[in-house]
Each structure stands twice: as C-alpha cells, then as structure tokens.
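Spelled out, the chains give:
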Amino acid sequence: MAASHSPPELAVSAVNPASLLRIGVDKPSRFAHWQATLGDPDFARWLAGFAPTHFYVGSEFCEHLLPGAKVLKKAVDHARDLNLPIALLTPIASPQVIRTLADLLPCLPEGCEVIANDWGVAHFVRERFPALRLVAGRILCRMQKDPRLGQSNLPAQCDFDPGPLRTMFSRLGVCRMEIDVPLSVNDNTFSTLPTHTSIHVPFSCVAKGRMCRIGSLAIQGSERFAVGRKCRKECLKVSARLERPATSDAFSAYQLGNTIVCRHSREMLGFVMTAVERGLISRLVVPGEAI
Amino acid sequence: MKIVAPVASMEEVKALSRAGAREFYCGFVPDAWIEKFGVLNANRRPSGNFRSHAELEQAIRIAHQNDCSMSLVLNAQSYTNDQLTALVTLAELFRDMGGDALIVSDLGLIGELVGHVPSLRIHVSSVATCRNGSAARLCRDLGASRLILPRDITIGEAREISAETPDLEIETFILNDGCIFEEGACATVHLPRNLGGPICMDNFVNHYSRRGGGSLKESILDKLQENDREYNQWLWYRFSCGFKTTETGMPFGPCGLCALPALLESRITAVKIAGREAPLARKLASVQMVRSVLDRIEAGYDAEQIMQFAKELRPSVESCNKGYMCYYPEVLKR
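So the protein lines, in turn, are chains Y and Z. Quick note: the first sequence uses our numbering, first residue 1, plus one each step. Quick note: the second sequence uses our numbering, first residue 1001, plus one each step.
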C-alpha cells in the first residue's frame, strides 16, 4: 500500500448479518477469514491489510433474502457496537418488496446507505426516506460481463461508461455507485471513474433471474420454476460451480441462487490492487459469505 | 386491448395488420450507426432490423394506412454516452419518417427524448426491468406513456402496478419470449451457437457443493439431480418446446393466452408478441392466436371457456397442463 494515499473503505456484504461478526479485528484473523471465504490465499492476504469500514446487509439479487425487521434491527445494533456504518442491500423489486422496504427502512439510522438495484426502489427511498443516502447498485450500473468472452476483442459495451447514468443520479440524489470490474479493465479504467465509485471484488454478477432453479427444489406442479412463489432459501447452503464441457473458459463461473457470478481473473485483480495503491478506488465491496 | 407485434419488413406489416395486430415494433440500424460504432447493438439484435431508411418509412406508411402504429426499439442493456447522443439523432430520424413511439430501456434517455422529439410517445422497455408501482410512477413522471412489464411477473403484480398508475398504459408479454434471466440484469451476449449461444441455453454442467465447505448428503444430491432434470424439461418448454411450431406456424412455448381475461380485468392496455427475428409464418400465427382468443372474450366466453379454447388452438392440452409453457401459471389453479 502506498503511504501517500488513504486506504480504501472496505464494505463487507452478507445476507446473514451474523457472518459479518466472524471477521477478526487483527490481520491474521482477517486473513484466515478471507482465505476460508474467498478461497484465494494471495487475494486474502492482500485484503487482510484493510479493516472493514462498512457492513452491507441484505441482497442485491433476490427478493426472498431481504432481512426481516427484527434481524435488521439486530444488525444495526451490532454495527453500532463495532462503530461501523450499516447499509441495506436491495434487489430488483416486486410490489411486495416495496411494501417490505416500507417496514424495513425506518429501522435504519439517518444517513445510512441504501444500495438500490431498482429505479423504483431508488425513487421510493428518495420520496419516502430522504434522510437515507442512495447508492446505485451494480445491477443499475450496467455493462457487458459475459465470462465466456475472455478478455480480448471485447465490444464497447464491456467498458463501463458512467455518463448515461448522470441524469438519473442527479434526479434521484444518488451519492455513490457500485460496479463490477469491467472485463476490459486496464490501467486507465479506475482513473476515469467518478470519485464515489465502489468496486466489487472478487466476483462479478453476470446474469440474474427472478426464477430460481435451486429455489424450486421443494416446489411441485405447474408453478415450479415460476416467479413470485415461496422459497426455502436453499441457496444459502448450496451453490454450484458451472462448467462448460470441452471449453477452456478463462473465468470460473458459479450459480448462486438465481444469479450467475464469475470470479475475476488474477490479471483483473492485479489492476484493482494497483488502482488501490494509486488511491484511485474509494471503496471495495467484498462478499462476507463463502460462495 | 392492443396486440403488439414485431416486424422486420414492409410485407410483414401488411400481413400482420390484416391478422389483427394494432401496433408494431421494429429495430433500425442505419449504416451511420455501424460506421460510428462498428456494432449492431442499437437494440440488442444483430438481425431482424430494418437497415434501409426508405423501407422503414414505407413500413410506417403501410402501418398507418391500416390504422396501426409503429414503434422503434432503442433497448440495449447499456449504451455509452456517445451512443446515447446517436440514439437521439436516430429518434429524430424516426420522427421525420412519421414514426409513432420509441421503446426505451435507459431511463436517463427518456428526458432527452422528451426534449428532442416531444411528438413521439415513449414506451419504457421491459429491459428497464421496472416491475413495481414506484418504478411505474417514476417512468410516468419522466414522460413515458407506457410501461412494458418484464416477463417474470404475476398477474396480481401487473394488476397492482396498473392500479397504482392509472394514467400510464401497461403492456405485458403474451407469446414467444423465453429468456431465463431478467433482461435488464443479464450482462451477457448472445454468442453464435457454436460458441455457446445465449448463456441460458449454453451447455453448463452444475457441480453442486455445500457453501463454505463440507460435502452434501446423497439424499440432497439426489434431489438436486431430480431438480436439474425437471429444470431441463422446463427449459425445453420455455424454449418453445424445442422451437416447434405447428404446420401453420403456431408456436409452442411461452404463452399467456389463458391469462387474457385476467389481464383485461387488470386494465392491461396491450400484449406483446416477442420475436423480431422470427419468420413471418410464426409471427402471423402468433397474432392470429391472440386475436382469436380476444375475439372470443369479446363474444362473451367466460374464463374457463377461454382456457379450453386456448389449449385446443395448437392443440397443446398436454403441454399446457404441465404449466411450464405458461407466463402466468397461476391461472391453471383457478
């Protein structure tokens, strides 16, 4: 880490707030946690150099994984004890999610961040809870991230261009945005981003459905694989590594509930680490639960 | 209720309007776009687009002669800032040709378009993934006349959104689109088939494991395998039962015909037939199917009679009963 720059903020995200409490306070225990959670010793060692600064609770991807009010209140108390700000992760929203948020958002202290991945959620927060800070999640900050493309000959849509989002950010008072590492990442990627940009590592969100294969495990009949059904949250216990037989894809892909994620290549993480050393990344966001 | 159909040529406009479509949507990728950006991504489809200014202008004229309207799709998942500027120019060109509406996926672009081409209606694309009342109100406030709901919604949700925004038209899917992931949350490209095709049709094998380590019990693995087999069957239905049609072009696969009475009750303004790249026979049969069901609703058939009629159209009774072809499988429970 270069001494001339402040270290980046480090947000740790989790569906279950208890997962966040397992991260140790010293570097060796943080290393152990990150190694167990992310399965990459080199990256874990590097990440352990930073202390968590934010707790993210909830889900960017699934309406069934929002916490209940009781759990959220407990998470707020834990975060307060640790003197860390808490933020609520929210997914693309059905009408029911908006109703749920009407109950959840009053649990958040003023000034907390809400990570919105749905323009309707952003609009709702701005209208009804103006004291909360709005962050545009990575589903709103779109770019192409198909892991099957590799990292050569990428189309323009694999670059992230924040320009088109400015109008909506300004209208809704969005104060920060979050992105995945672009497939086309290079030395200049992070220097051209607005200051208040968070970078997710070490997994990108590739594609998210509302239908959930593993969430249909316990459902029988015509509504299996349909949307808007109850869910037993099997995804919290089981995930799948995805393999394309007879191909040699550069990225490891996983199915996590309704979402395909892919792990950043070593080269991509290298660009992130260099950008952090140069003080170009203000916040990293890391999953606090093992994939 | 209007039937919204895809077109890619003048001939299709004529044939589909006669079959009962009232609105058309199309892609237009002029040479200038390709010269500047080198890609066909103005609207997510590499084919099925108008390429000639004159042909699109003529298609709009034919649509108007048949009391139909024409919308232009500007609905990529994401654009660069330069592309947004080019889209405004494209919209002006479309207005000058006599076009009626723009189907827009980027909410930030709506304000620009309202300012530059106020005479054109704005329909918010399903790619914007707006599927709650708050998002609908935002779209309306931005200047949109219509919201096209994403595929993966329930009738109850559509009804609720429609009730919350009575001054915004609501359109829902009715036939043919089989994507597995939410369009606005899918950051992939439709690769050529030999490279894997769309990611939801790619040949992925799932290797399950317990999150955080440890092995899964045999009984769980068995259940997961059974679930995968069922999922693959569901995929087959979702992708048009192996992309089958009847001899007259009637498509199997994603369908909401039985839900039309409920969608009408929910004040849904229009229903969308997907498939810009499909052959005319399939488009024509799709419009005829929807029209024939709507005709019977207008003639006073009740919901049960409509369901019976819809199932016997292809016929697809057995497949229909499975529920995997249904956009709105909840209707089977009524």
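A couple of the hints might just be wrong.
[Unchecked claim] In silico DSS-like cross-links for lysine-lysine, where the CA-CA straight-line distance does not exceed 27 Å:
no. : chain 1 : residue 1 : chain 2 : residue 2
1   : Z       : 1014      : Z       : 1002
2   : Z       : 1014      : Z       : 1244
3   : Y       : 230       : Z       : 1223
4   : Z       : 1217      : Y       : 237
5   : Y       : 233       : Z       : 1014
6   : Y       : 233       : Y       : 73
7   : Y       : 230       : Y       : 73
8   : Z       : 1244      : Z       : 1002
9   : Z       : 1333      : Y       : 230
10  : Y       : 27        : Y       : 233
11  : Z       : 1217      : Y       : 230
12  : Z       : 1311      : Z       : 1322
13  : Z       : 1223      : Z       : 1322
14  : Y       : 233       : Z       : 1244
15  : Y       : 233       : Z       : 1223
16  : Z       : 1311      : Z       : 1217
17  : Y       : 230       : Y       : 27
18  : Z       : 1322      : Y       : 230
19  : Z       : 1333      : Y       : 233
20  : Z       : 1311      : Z       : 1002
21  : Z       : 1223      : Z       : 1311
22  : Y       : 237       : Z       : 1223
[To be verified] Derived DEER-like restraints, expressed as beta-carbon distance ranges:
no. : chain 1 : residue 1 : chain 2 : residue 2 : range
23  : Y       : 221       : Z       : 1215      : 29 to 37 Å
24  : Y       : 99        : Z       : 1118      : 34 to 42 Å
25  : Z       : 1014      : Y       : 274       : 54 to 62 Å
26  : Z       : 1014      : Y       : 175       : 34 to 42 Å
I should point out that these hints are in silico values taken from the structure, not numbers from a laboratory. Ideal Cβ placement from N, Cα and C applies to all residues, glycine included.
Among all the numbered hints in the text so far, which are the ones the structure does not match? 5, 10, 14, 16, 17, 21, 26
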